[in-house]
Amino acid sequence: MGFGLFIALLISVYGLRLFYDPALFEIGSRLPYLPPGVEAPLGSDSFGRDMLASILVGTPITFQVGLLGGTLGLILGASLGLIAGYFGGKVDSGIRTLSDSLITIPSIAILLIAAINVENLSRVSLATIIAGLSWMYPARTIRAQVLSLKNREFIKICRANGQRELDILFKEVMPNLMPYLASTYVLSVFTTMIATVGLESLGLGVDDDYSLGTILYWSQRKAAVVTGTWWWYLPPIIMITLIFISILLMSIGLDKVARPSDSGKS
Amino acid sequence: MRGKISQILIVFVVSISANFFLPRLIPGDPITAALLSRTSTGQVVTDIDKVIAIYKTKYGLDQPLLVQFKNYLVDLATLNLGTSLADPPQTVISKIWDSLPWTFGLLFVATIVAFSVGSLLGAAHGWGKAKRLTSPLMTVLTLFSSIPGFLLGFLIVALFSQKLGLLPAAGGHSPTLRFGWTSTAVLDILKHGVAPALCIVLSTAGFWAIQMRSMTLTVKQEDFVKFAEAKGLSESRIFFKYGVRNALLPQITNLGLALSSIISGSVLIESFFSYPGLGGLLRLAIFQQDYFVVQGIVVMLIVSVTVVLLVIELINPLLDPTIRANS
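Taken in sequence, the protein lines are chains A and B.
As numbered in numbering that gives the first Met the number 0, the first sequence has no gaps in its residue numbers, which increase by one up to the final residue, 265.
As numbered in numbering that gives the first Met the number 0, the second sequence has no gaps in its residue numbers, which increase by one up to the final residue, 326.
Don't read these hints as lab results, they were simulated from the structure.
Note that CB positions come from ideal geometry on N, CA and C, so glycine has one too.
Check each hint, because a few of them may be wrong.
Stated by the list, open to error - Below, computed lysine-lysine pairings styled on DSS-like, alpha-carbon distance capped at 25 Å:
(1) B/LYS219 to A/LYS255
(2) A/LYS221 to B/LYS162
(3) B/LYS225 to B/LYS130
(4) B/LYS240 to B/LYS230
(5) A/LYS255 to B/LYS225
(6) A/LYS89 to B/LYS128
(7) B/LYS240 to B/LYS128
(8) B/LYS162 to B/LYS128
(9) A/LYS221 to B/LYS190
As the list claims (entries may be wrong) - Facing chain A, according to a computed beta carbon distance under 8 Å, are these residues of chain B, among others:
(10) SER14
(11) LYS130
(12) LEU132
(13) PHE149
(14) ILE262
(15) GLN287
(16) TYR290
(17) VAL307
Just chain B, with the same shape it has in the complex:
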């Protein structure tokens, strides 16, 4: 387990350094480009050369690479990710800080729903008792999981917001909403979350179902299941206590492996719905060519993946007695 954790930390260091070195390997100067294109889109920026010079000295771009790298690491450690180019007084970190709760809320709920629905369906299908009910569902979910989630967004919005008028088409809350723990506020936020959450669930549940199905097929062959059957335990008890429980453990490890693709997908889904989380912020930042915000989001993605992987690594032994015994 210690090896695993140190590997995760190595990955963290490598990717954080890649985030610094990759843009600098590519010729061109993003800050100049971003500021110049700002003027070309009609925004009035007086003394553009001076502004560029100020930015360059501020970010130390005239210093040697290693000094820049050191500054970058110090900035990261102190969470100083720069100032937004689009609305200057606001810092990047405050923008990200505002959007994090939205992303975590959405992703957490959606992933848990997708995980439970997919795993249960996969287990039931693998167990093979109600095939007539489970196999069409499996086919549908597998098909959905083969297309990118944000494409489903178009269809969901067209159906639920345009045709039926049930759900809002975009955003994370009504523009006039007053935040607070009132029932209207909570309902409003929940209502806005349904469509993007549905997208994430539909596009990922199939993955869990497929994994769970093959695990259940393996568990079903085990002797202890046959023994339980021989003892005359009830079918549902064998299914839940013996089948699901044992097939579920590897799924937690799978969560770690799938995490990066789930996050990639949900960033696109959020961005489609202009959800106020990281994805929506990202979309806005790309529109406004807000270079530092984009880079800040990338750092945030790397940090959150690392944290979640560490958490999974730490709780895994608590859930699985065999891992606990080995370590």
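Only chain A is shown next, with the shape it has when bound in the complex:
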């Protein structure tokens, strides 16, 4: 169900871009404060940006940062989790101390330091920073799984056959982790998106990007709620909510695939 919703969202955003000119999101392409109507389906904001076009431009940007950050976070987290779980010992406790520290510090604090200090923040650097703050959760899950896999019979047989450690790690252990990787991937995309939207709504997003969070930032700055221009803040909120709900449903679904025995308990 999550997948369905997610794909429906993607298709509707990209499909509508074919019929509706996304360039209308430029300032002054409509009269300011146009309520939703025939001319502009979702109205326009105080700068004369067409709202439907803004949503069509903003959603893919939010997606991009989320997917990029989630992917980087998963790669980082999964590799560290694999290493920590498989080799154990000092490496393991080092990685664990690092991840425990990062979990304790409010991520907004580090994001703020980064965002106010990096000039010309790009989408890639934003995603990288967020990935650097969100790899701990995949790392934890993967580490726990590796620990339980490590001492299974088939791994012992590989080792007795004299297979190289790295070979065992990537050819034998890794494939067994796939369901877990999928469900943690979805979660790390989720956390990246939450962090990006939060940062953007403070006006600290990527320069010159007009994403969903940026729309919210401007609607807040221009007091859209107080002036009653609901078509300014409601569409991005609905869009973000739909994205989040679809991701959440996906992760629940994947979780059931990954640990069928647990699904009754949790």
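Given the structure of chain A, go ahead and fit chain B onto it with the hints provided.
The following block gives chain B in isolation, referenced to the frame of chain A:
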């Protein structure tokens, strides 16, 4: 327990150092940038080069990194966090000091409400007696907790302030309010706190409910619950004395784990409502490019998380006899 505490202290040291080194690893000079952009936004600053030079010597930015680090630590220990760039005579620490009571008040009340509501609902749902009532509530709370809290802010303000006119849209008090322990002042502050508190509660209660539900499911299987049932104790007594009480203890530990994300979220919520706490101050500081205030807030966040974690670590043995016995 000693290991836990020393770990928290290590985290504190690491993050305080990161706060110093991270900005310096990134090329560029924040003070020059902040002062220059001040002139570009139309503020009149005479002799900008001189001002920059004064700031640089004042903060010792021309000295080697380790000396700077030492100065930074000394400054932190003496709570000297610099002067606000936006309104110069005011120090950063006095600004933060003014905003702390607001944040603590709001966050404390909201977290306790969210914790109790969520835990009770989760326990009731896990116990499984009134499913028809609890499961729709669980679904709603889970959905709310999946979207960032400040998004709920838009909806709450639109509904309660715009449509119904019940609550003020922003701020922590009316602009004309005289502070004091009068009933008007207290009511005014409470009224302004309702909307942001509601946001925090709605966005975090689901988390507690989910955790509590799975704990209750575990406790329910325990032998002592079956024994209590066999003894013929009343249903409500078993639920509260045996079920809730035992499932609640791990929740306190969860509070420690969730703390950093709760604080991150509420900073954004406060900032949305322009609440006079740390979040509102942060929003203002970002608008005004008040570099030192932002950094001061970051330090404050790190310090408060550490303090709360230590407190949780210290009170946990008092609440849980088994931990007390082990240590």
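Cross-check of the supplied hints:
1. B/LYS219 to A/LYS255: Judged against 25 Å, a Cα distance of about 23 Å means the pair holds.
2. A/LYS221 to B/LYS162: 19 Å, holds
3. B/LYS225 to B/LYS130: 21 Å, holds
4. B/LYS240 to B/LYS230: Given that 25 Å is the threshold and the Cα spacing comes to 14 Å, the pair holds.
5. A/LYS255 to B/LYS225: 30 Å, violated
6. A/LYS89 to B/LYS128: 48 Å, violated
7. B/LYS240 to B/LYS128: Given pair B/LYS240, B/LYS128 holds - Cα atoms ~16 Å apart, limit 25 Å.
8. B/LYS162 to B/LYS128: 38 Å, violated
9. A/LYS221 to B/LYS190: Holds - the C-alpha atoms of B/LYS190 and A/LYS221 are around 24 Å apart, at most 25 Å.
10. SER14: 5 Å, holds
11. LYS130: Hint on B/LYS130: violated, closest Cβ of chain A at ~16 Å, above 8 Å.
12. LEU132: Violated - the Cβ of B/LEU132 stays beyond 8 Å from chain A, reaching only about 22 Å at its closest.
13. PHE149: 6 Å, holds
14. ILE262: 5 Å, holds
15. GLN287: 12 Å, violated
16. TYR290: 7 Å, holds
17. VAL307: 10 Å, violated
In this structure, the earlier hints numbered 5, 6, 8, 11, 12, 15 and 17 are contradicted, and the remaining ones agree with it.
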